[in-house]
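K.L.:
Sequence:
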Amino acid sequence: KAGTNRIQGPNDLVNLFVRSQTGQLIPLVSLVSVVEEGVPDELRRLYQRRSISIDMQTVEGVDLQTAVDDLMALANEVVPSSITVAPEGEAARLGESQRDSLYAYGLALLIVFLVLVAQFESLTSALVIMTIVPFGLAAAIFALFITGTSLNVYSQVGLVMLIGLIAKNGILLVEFADQRRDAGASVRDAIEDAANIRLRPIAMTLISTVLGALPLILSSGPGSEAREAVGWVVFGGLGLTAFFTLFLTPVIYLAVARFSKPRADARLKLEQELEAATEL
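Its first residue numbered 11, the sequence shown is counted upward by one per residue in the working numbering.
It is worth saying that the hints were derived from the structure and are not from the lab. Think of the CB as a built atom: it goes at the ideal place given N, C-alpha and C, for glycine as much as any other residue. Some hints here could point you the wrong way.
As the list claims (entries may be wrong) - Quick list of the computed label-pair ranges, beta carbon to beta carbon:
id, residue 1, residue 2, range
1, 268, 231, 52 to 58 Å
2, 217, 124, 28 to 34 Å
3, 68, 44, 39 to 45 Å
4, 213, 96, 49 to 55 Å
Using the sequences and the hints given, assemble the complete structure.
P.N.:
Spelled out as structure tokens, the structure:
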């Protein structure tokens, strides 16, 4: 024990004496050493565990997603398994936005499919159009890959928009084929006429939309990264999907539409049932 007046600083602690088991007084300096170390002014916890925060800034030319992926890969190699590395701030919000984008894709596909079913009054026609959408999304991601553009929040918004654009081009083809079937044409004749007659409108729509994305790709200045990402999604997605829309859609329609009846047959059957009910 020592009085408070004897200890004025850390160096005074080593001048104290402690009693051993034999009763001898031993100077504390012979047993311990005093080392000055810095400690945090507060102890943070994350997920109920002690944590420290490290602030980092991405260098010019490196997007946030690439930086996070490289950092997490390095942490898995260097950091011991007892320590967990968890992103915070913008990196954490980026992960949350990517998870939310998956729900947005699913919701967009569901809404477009339900609208198509209501418009065509046919499940098969809606399925024919929706089968082209995955090819368009894959084409857009391929365009981002070959141009070195990252799959960021802006490109993900462009992918959601691309779902509607791809479906619009398929509607031009399938709607005309259904009209020809209502007029009495066979499935093959209906889709052949639709492919020949609707080729020019579909091509004009594709070309105008693709060329409309060029100003976004060639833009510069603040915010050009966001416009460029959306532009490449539209340009690459619709440009590469033109083949699937013009060639694969007729093949799928020919294989699927034969299992459904023309809408005119359903209307005629309904009218006959109404007439029979009226006569009763």
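K.L.:
Now tell me, hint by hint, if it's right for this structure.
P.N.:
Hints versus structure:
1. 268 x 231: 52 to 58 Å: Between residue 268 and residue 231, where Cβ atoms are some 54 Å apart, the hint holds.
2. 217 x 124: 28 to 34 Å: Holds, since residue 217 and residue 124 (Cβ atoms, about 30 Å apart) stay within the stated range.
3. 68 x 44: 39 to 45 Å: With Cβ atoms ~42 Å apart, the hint holds.
4. 213 x 96: 49 to 55 Å: About 50 Å separates the Cβ atoms of residue 213 and residue 96, which means 49 to 55 Å holds.
In the structure shown, no violation is registered for any of the earlier numbered hints.
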